[in-house]
Structure formats: C-alpha cells, structure tokens
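With the hints as extra help, turn the sequences into a complete structure.
Going line by line, the protein sequences match chains G and H.
Under numbering that gives the first Met the number 0, residues 0 to 181 are what the first sequence spells out, in order.
Under numbering that gives the first Met the number 0, residues 0 to 181 are what the second sequence spells out, in order.
In short, the hints are calculated from the structure, not lab data.
Yeah, the Cβ is synthetic: ideal placement off N, Cα and C, and Gly gets one too.
It cannot be assumed that every hint is accurate.
[As the list claims (entries may be wrong)] Distance ranges between label pairs, derived from CB positions:
#: 1; chain 1: H; residue 1: Ser52; chain 2: G; residue 2: Arg51; range: 14 to 22 Å
#: 2; chain 1: H; residue 1: Ala118; chain 2: G; residue 2: Leu11; range: 16 to 24 Å
#: 3; chain 1: H; residue 1: Trp53; chain 2: G; residue 2: Leu47; range: 23 to 31 Å
[Stated by the list, open to error] Far from chain H, some chain G residues (derived; all Cβ distances over 12 Å):
#: 4; residue: Tyr26
#: 5; residue: Phe28
#: 6; residue: Lys76
#: 7; residue: Gln98
#: 8; residue: Val167
[As the list claims (entries may be wrong)] Examples of chain H residues toward chain G, derived with CB under 10 Å:
#: 9; residue: Asp20
#: 10; residue: Ala30
#: 11; residue: Gln31
#: 12; residue: Val33
#: 13; residue: Tyr39
#: 14; residue: Glu43
#: 15; residue: Leu47
#: 16; residue: Arg84
#: 17; residue: Thr132
#: 18; residue: Ala134
#: 19; residue: Ala154
#: 20; residue: Leu165
There are 2 protein chains.
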Amino acid sequence: MHGGGEGFYGALVLIRDASDDDWPLIYPFFAQIVAQGTSYAYPEGLGLDEARSWWMEPAPGRTVVALDVGAVVGSAKMGPNRPGRGSHVATASFMVDPQHQTHGVGRALGVHVIDWARAQGYRSIQFNAVVETNAPALGLWHALGFQTLATVPAAFDHPDHGLVGLQVMFLDLSATAISDTA
Amino acid sequence: MHGGGEGFYGALVLIRDASDDDWPLIYPFFAQIVAQGTSYAYPEGLGLDEARSWWMEPAPGRTVVALDVGAVVGSAKMGPNRPGRGSHVATASFMVDPQHQTHGVGRALGVHVIDWARAQGYRSIQFNAVVETNAPALGLWHALGFQTLATVPAAFDHPDHGLVGLQVMFLDLSATAISDTA
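What follows is the structure in structure tokens.
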C-alpha cells in the first residue's frame with residue numbers, strides 16, 4: 000500500500016512528482032497526443048513554453064510522471080475539480096506516450112491518482128470530458144470503478160469521426176473501500 | 000430580434016458589454032453571492048482585484064452587465080466551454096444582485112446568452128455545475144429549453160443543505176430554431 004506519494008505499479012512503472020526538468024520530456028508526447036486530436040480539447044499548436052501551464056499543475060494540484068526503465072513515458076495531472084464549495088471533488092487528466100501504450104502505464108497512473116485522491120481526503124473524482132470513442136480510456140476507467148454519469152452530445156470534434164460525445168465520469172471514494180493497487 | 004450584441008429585454012433591462020469601469024459595480028453582488036454560498040463554487044473571500052479574473056472574461060469570451068434604470072443589477076460571462084476541439088460548445092455563468100432578483104434580470108441575461116451563442120455559431124451551450132437546490136435557476140434554464148444531462152452527486156457543499164448535487168445542463172442550438180426573446 001501507498002498513500003498517494005511515490006510508488007511502483009506493475010512490474011516496471013515508477014510514478015513520482017514531476018519536476019520542472021521533466022516538462023521537456025513530457026511535452027513531446029503531450030504535443031503528439033494533442034495533434035492526434037482524438038482525446039483532448041486543448042488549444043492546438045502550443046509550443047513548449049505555452050503548453051507548460053496547461054499540464055504542470057500548481058498546488059493544491061500536482062503533476063506526476065510515469066517512468067519505465069528510467070524514461071518518462073506518461074504523465075498525469077490532478078487536483079480539485081472546482082475551488083471553494085466544490086473543492087472536495089478531484090479531477091485528473093492523463094497522457095501516455097503513444098510509443099509506450101498498452102504496457103499498463105495508463106492503468107498505473109489511474110490507480111495512483113485514485114490512491115492520491117483518497118489519501119488527500121477527496122470525496123470523489125470527476126472526469127469532465129472523456130471522448131466517447133476513446134475505448135481504451137473508457138475501458139480502463141470502468142475497470143477502476145468509474146461510472147459514466149452522462150454523455151454531452153457532439154461536444155468534441157474528432158478528426159476521424161466528426162462530432163462525438165464527451166462523457167462525464169465519476170468515482171465515489173466515500174462509498175468504495177476497495178483500493179485497486181494490483 | 001438581435002444578434003447577440005446589445006439589446007433591451009423585458010421592460011427595463013438593458014444588457015451591454017461590461018467595461019473595466021463596471022467591475023467595481025459587479026463585485027459587490029459577486030462577493031455577496033459567493034459569500035451566501037448557495038450557488039457557486041468560487042474561492043471564498045476574494046478581494047476586488049483578486050476576483051476580477053474569475054468573472055471578467057477575455058476574448059473569445061465576454062462579460063456583460065444588466066442595467067435596470069441605469070444601475071448595474073446583474074452580469075453574465077460566456078465563452079467556449081473548452082478550447083480546441085471542444086470550442087464549439089459555449090458555457091456561461093450568471094449573477095443577479097440579490098436586491099434585484101425576481102425582476103426578470105436573470106431571464107434577460109439567459110436569453111441574451113442564448114442569442115449570443117447562436118449568433119457566434121456555437122453548436123450548443125453547456126452549464127457544468129448548476130446547484131440542484133437552486134430552484135429558480137433550474138426553473139429558468141428548463142424554461143429556456145435546457146435539459147439536465149446528469150447530476151454529479153454531493154459535488155457542492157451547501158451551507159444549509161450540506162452536500163448536494165451539481166447538474167450538468169445542456170441546450171442544443173443546432174436543433175432548436177426557437178429563439179425566446181419575449
């Protein structure tokens with residue numbers, strides 16, 4: 000068990016807080032994933048410096064990196080979904096280097112975020128915008144206990160499928176005593 | 000009819016773009032409404048300068064004020080709900096001076112935002128977080144054609160009711176030819 004700090008997941012993936020030095024290692028796959036246009040509504044064509052504040056999250060949020068044999072292969076950012084009277088609900092975003100997908104990196108980051116949110120005392124986690132055609136993401140979040148609350152119709156302009164829905168997903172941490180850290 | 004610019008609504012309410020000079024007139028009811036804690040998840044206790052960027056929206060968004068006999072009695076901010084591939088969905092937030100509620104100001108602002116979003120070519124409007132105990136707001140949005148897509152459970156810490164849900168609301172502008180400007 001681990002309390003949302005640093006830890007190994009699976010066989011090879013280490014997750015730790017991202018430092019400023021990590022951003023140039025995250026940015027290439029951040030830019031590649033945004034350019035693919037299939038999973039995130041970020042501004043397009045952001046340079047290294049412009050993109051930084053879209054991903055490197057200040058406190059009380061945080062950004063982590065996933066390391067596979069020492070190389071940065073993924074990243075997640077997390078924090079309160081809203082300030083003030085909504086700050087007991089966490090949110091998070093995830094990116095895995097397309098060259099390192101299907102190796103459990105996304106799952107390790109997801110489990111890490113759930114553990115972190117629970118350790119920080121968040122009551123739940125809300126994902127605001129999961130692209131409904133992103134089957135690997137939906138499958139992972141469902142496997143980790145998230146439910147789809149709603150699909151906002153035609154809210155995402157997908158390069159291959161045109162206008163597709165964005166799912167609002169939710170995990171109630173107050174009700175789930177199960178911690179999936181396998 | 001009007002194209003989302005400036006216009007009279009009802010008998011007395013004029014809506015126009017907010018200027019920098021308007022912010023000190025908006026801030027008192029912004030602060031009062033946030034302090035009441037029943038409708039918005041903003042940081043609490045923000046001063047005049049701190050709160051400005053939470054309400055005065057830069058382009059491509061905008062902020063308007065509602066004037067009743069020349070006095071600023073309400074405000075709305077509006078713009079894209081997400082950047083990039085989600086930027087065809089608008090969002091908006093509304094505040095009406097508690098001393099001037101139930102005089103049609105909220106409705107006038109709501110109609111104005113719908114007209115503006117349609118004129119700007121947005122495909123839909125999404126409200127991300129309407130407090131489920133805010134019956135006047137829910138009644139107004141339903142009357143203007145919004146539907147509730149989902150309620151995120153216990154996502155808002157209400158000072159009187161404890162944890163209550165936040166509704167995700169949606170209006171499809173591509174399907175509704177009706178413009179309620181009565």
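Here's how the hints hold up against the structure:
Under the hint 14 to 22 Å, the C-beta atoms of Ser52/H and Arg51/G, about 19 Å apart, fit the expected range. Separated by about 54 Å at the C-beta atoms, Ala118/H and Leu11/G break the suggested range of 16 to 24 Å. Roughly 28 Å separates the CB atoms of Trp53/H and Leu47/G, a value that falls within the hinted 23 to 31 Å. Non-interface call for Tyr26/G relative to chain H: holds, since the shortest CB-CB distance, roughly 16 Å, exceeds 12 Å.
Non-interface status of Phe28/G relative to chain H is upheld: no Cβ of that chain comes within 12 Å, the nearest being about 17 Å off. With a minimum CB-CB distance of about 16 Å to chain H, Lys76/G clears the 12 Å threshold, and the non-interface call stands. In this structure Gln98/G is separated from chain H by more than 12 Å, as the shortest Cβ-Cβ distance comes to about 23 Å. Listed as outside the interface, Val167/G is inconsistent with that label: its C-beta sits roughly 6 Å from the nearest C-beta of chain H, within the 12 Å cut-off.
At about 27 Å, the closest approach between the beta carbon of Asp20/H and any beta carbon in chain G exceeds 10 Å, and the interface hint on this residue is violated. At a threshold of 10 Å, the smallest CB-CB gap from Ala30/H to chain G is about 13 Å, leaving the interface hint violated. This hint is violated: Gln31/H has a C-beta 15 Å from the nearest C-beta of chain G, more than the 10 Å allowed. At a threshold of 10 Å, the smallest CB-CB gap from Val33/H to chain G is about 7 Å, leaving the interface hint in force.
Hint on Tyr39/H holds. Least Cβ distance to chain G is approximately 7 Å, under the 10 Å limit. For Glu43/H, the shortest C-beta to C-beta distance to chain G is roughly 5 Å, which falls under 10 Å, so the interface hint holds. Because the smallest distance between the Cβ of Leu47/H and any Cβ of chain G comes to about 17 Å, over 10 Å, the interface hint for this residue is violated. Interface hint status for Arg84/H: upheld, as the beta-carbon distance to the closest one in chain G is roughly 4 Å, under 10 Å.
A hinted interface residue such as Thr132/H counts as satisfied when its beta carbon comes closer than 10 Å to some beta carbon of chain G; here the least separation is about 12 Å, so the hint is violated. Residue-level restraint check for Ala134/H is violated (minimum Cβ-Cβ distance to chain G is 18 Å; threshold 10 Å). Below 10 Å, beta-carbon pairs count as interface contacts, and Ala154/H has one with chain G at about 5 Å; its hint therefore holds. At a threshold of 10 Å, the smallest CB-CB gap from Leu165/H to chain G is about 7 Å, leaving the interface hint in force.
Checked against the numbered hints above, the structure violates hints 2, 8, 9, 10, 11, 15, 17, 18; every other hint is satisfied.
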